[in-house]
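Colleague: Now for the letters of each chain:
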Amino acid sequence: MGTRNPVTWLGSPAFPEAARTALADTQLRRNLRNATTTIRGRRRDAVGELPDWEQLRRAGEAIKDDVLHHLDRYLEQLEEAVTARGGVVHWARDAAEANEIVLRLCGDAREVVKVKSMATQEIGLNEALAEAGVHAVETDLAELIVQLGDDRPSHILVPAIHRNRSEIREIFRAAGLDPASDEPRVLAEAARAHLRRKFLSCEVAISGANFAVAGTGSVVVLESEGNGRMCLTLPRKLITVMGLEKVVPTWQDLEVFLQLLPRSSTAERMNPYTSVWTGVTPGDGPEEFHLVLLDNGRTATLADPVGRQALRCIRCSACLNVCPVYERTGGQSYGSVYPGPIGAILTPQLVDDPHDKQAASLPYASSLCGACFEVCPVRIDIPSVLTHLRAQAVEAKGRSAESVAMAAAAWVFASASRYEKAQKLGSLARLFARDGRISWLPGPGAAWTSSRDAPVPAREPFREWWRKNRG
Amino acid sequence: MASARAEILGRVRDALRDKPTAPPVPRDYVRSGEASVELLAERVAHYRATVHVVAEPDVVPLLGELLAGKRIVVPDGLAWDVPGMTALRDPLTVAELDAADGALTGCAVAIAQTGTIVLDGGPGQGRRALTLLPDHHVCVVRADQIAGTVPEALERLDPLRPLTFVSGPSATSDIELDRVEGVHGPRRLEVLIIR
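Residue numbers (the working numbering), protein chains in the order written: chain A, 14 to 484; chain B, 1324 to 1518.
Note that these hints are calculated values from the structure, not bench results.
For clarity, every value in this text was computed on a predicted model and none was experimentally measured.
Warning: the hint list may mix true and false statements.
[What the hints assert, rightly or not] Some residues of chain A that are not near chain B, with every Cβ distance over 12 Å (derived):
| id | residue |
| --- | --- |
| 1 | A111 |
| 2 | A155 |
| 3 | D308 |
| 4 | A406 |
| 5 | A467 |
[What the hints assert, rightly or not] Here are some, though not all, of the chain A residues that point toward chain B, as calculated from beta-carbon distances under 8 Å:
| id | residue |
| --- | --- |
| 6 | R33 |
| 7 | A109 |
| 8 | E113 |
| 9 | S231 |
| 10 | P285 |
| 11 | S380 |
| 12 | C382 |
[Unchecked claim] The following residues of chain A were derived to be distant from chain B, with all beta-carbon distances above 12 Å:
| id | residue |
| --- | --- |
| 13 | T50 |
| 14 | T246 |
| 15 | G292 |
| 16 | F426 |
Every residue gets a Cβ at the ideal spot worked out from N, C-alpha and C, and that includes glycine.
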């Protein structure tokens, strides 16, 4: 397929370069540190309250693995159940196909309301609709902040996490919303007033889905603000775009995820609103329901026995909030709608192009500390997938400067005289030292010093000193 | 060209050629829990909703007090006839719902552990928009409707009905991850629990 996958943003630099820019932004780092510190503590409390958290995680992992291992069967079941209840199911191989389907379903509507959805972000739906003259209004507060600020999201759950209250007030002002202060309560009130009329008048709504039950055809959306309920109940037509892997086998399986997801994401016992609907219910909610099942790299991800566990993800964002790399670089450095540890393993697999340097750089955006695996509610072993993807990237790249250097080192270490000569040569690196550290080396040494200082080698190798003084 | 459906299902089957297997789903997590009026009251209040625990004979007088003089949306089949308020009944337009002072409903199930009430569109609950557009939602829960845990609640619910799980008033954590109550959904949630 010739078109590029919009899961990464066109023109984004590779992670190391993007991170360097982000690290220089002290405001960004302060905003992120404040936000992630708060949520980490609250999540710990919410999870600690359940004595069976570990059992729930294991059940969540096993249910998702069962789904992935029999995905074809569950998708066919889901299609049958949704259709039987008056819904229409569509299949989309990639982003372009999904966007085409949604655009066609929008019909004559020039403005549609949207519930926050990662799948529609991933396929660049808003941009595709805009090109065709359809304005998609984001109704989630953080998505609205990103949309009005002509910005990009930086977090899965809270896309505007990189903005603090006073920046948000400025964005609202520039868009003509005019909040009276920068109090979160006042800012939320401004968003309510801005969106109310649109909720009451829009004919078409677009949503994502957190889960869909194969056995019953029921679709589930978790949210907080009530914008989801507005979109799911008021407009005449509802279009839901859902990644293939969001299906769960049975209604009972939701008893696991309705406990794992809220506590892991917003750190609440339960999120304010969860909506469940099955097809169309006469007299209650939309008259037309369309479910678009999206592949866009998911089947390619499924084909990798190690990497496929990334498809267990329920988009809670707990791994972002505990990641030391994410906390310092922010989400936009990852150049994708999926940032943080899960993004580092999911994005390159969805892109599925070994020659995409930006995507190939993402598995390196980690110190492999393992905090992400510990908090993951479906036990995705992110560090193992990261090292697996790094090995693949090295393989795809062929002979790197590093592998050449390692071969040369082996040759040097194999002979005592070669080793001594090399040590003397190494002492020359002292010429680049300042204040006892080397922060820049020429040639192949630059790859090492671009991300860390090198210690200054001794003036005289130990073996030479020994020969002179004790020999 | 093959249909998208056939192609995607084919890709899935190709991707699973290694025939992966997983152990059966372990269901050794907690299934049942305390289904008390007290726990539900505490957990609902934690979301900054208003909670009243009342005896059956006091329900109507208390509702009368809370809703006197107000224009309140009332679904069909509501068990309580409240004096002193103006009851608005379907058919109602979205504009009429938006202009109402509040909505008064029962519920299908409540979950003590999470402080959640669940509406399923049954008698005394109405279609979903009725409890969404008015800014104040008053919900009456009977003690026998309280389930202890999420698993116990889902067992009692029919997923083929349109369901709304409500845990506190509408809220957002989108600004600095600081929770603020009251965005698009009802900004006030008031729960009466009959002990």
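Colleague: Each hint: holds or not?
Modeller: Cross-check of the supplied hints:
1. Its closest Cβ contact with chain B, about 10 Å, brings A111 of chain A to no more than 12 Å, contrary to its assignment away from the interface.
2. For A155 of chain A, the condition that its CB be more than 12 Å from all CB atoms of chain B is violated, with the nearest at approximately 4 Å.
3. Not every C-beta of chain B lies more than 12 Å from that of D308 of chain A, the closest at about 5 Å, which undercuts listing it as non-interface.
4. The Cβ of A406 of chain A lies farther than 12 Å from every Cβ of chain B, with a closest approach of about 21 Å, so its non-interface assignment holds.
5. With a cut of 12 Å on Cβ distances, A467 of chain A stays outside the contact zone with chain B, its closest approach being about 39 Å.
6. The beta carbon of R33 of chain A comes no nearer than 26 Å to any beta carbon in chain B, farther than 8 Å, and the hint placing it at the interface is violated.
7. With a cut of 8 Å, the hint placing A109 of chain A at the interface with chain B is violated, because the nearest CB-to-CB distance is about 11 Å.
8. Nearest Cβ of chain B to the Cβ of E113 of chain A: about 11 Å, over the 8 Å cut. The hint is violated.
9. The beta carbon of S231 of chain A is positioned within 8 Å of a beta carbon in chain B (closest approach about 4 Å), and the interface hint is therefore held.
10. The interface hint given for P285 of chain A is met, as the beta carbon of that residue sits about 5 Å from the closest beta carbon of chain B, less than 8 Å.
11. Among the interface hints, the one on S380 of chain A is violated; its C-beta lies about 24 Å from the nearest C-beta in chain B, farther than the 8 Å criterion.
12. With its C-beta approaching chain B no nearer than about 22 Å, C382 of chain A sits outside the 8 Å limit, and its interface hint is violated.
13. Non-interface call for T50 of chain A relative to chain B: violated, since the shortest CB-CB distance, roughly 9 Å, does not exceed 12 Å.
14. For T246 of chain A, the condition that its CB be more than 12 Å from all CB atoms of chain B is violated, with the nearest at approximately 4 Å.
15. Consistency note on G292 of chain A: stated as away from chain B, yet its beta-carbon is not over 12 Å from all of that chain's, at 9 Å minimum.
16. With a least beta-carbon separation of about 40 Å from chain B, F426 of chain A lies farther than 12 Å from that chain, consistent with its non-interface assignment.
Going through the hint list in order, the structure does not satisfy hints 1, 2, 3, 6, 7, 8, 11, 12, 13, 14 and 15.
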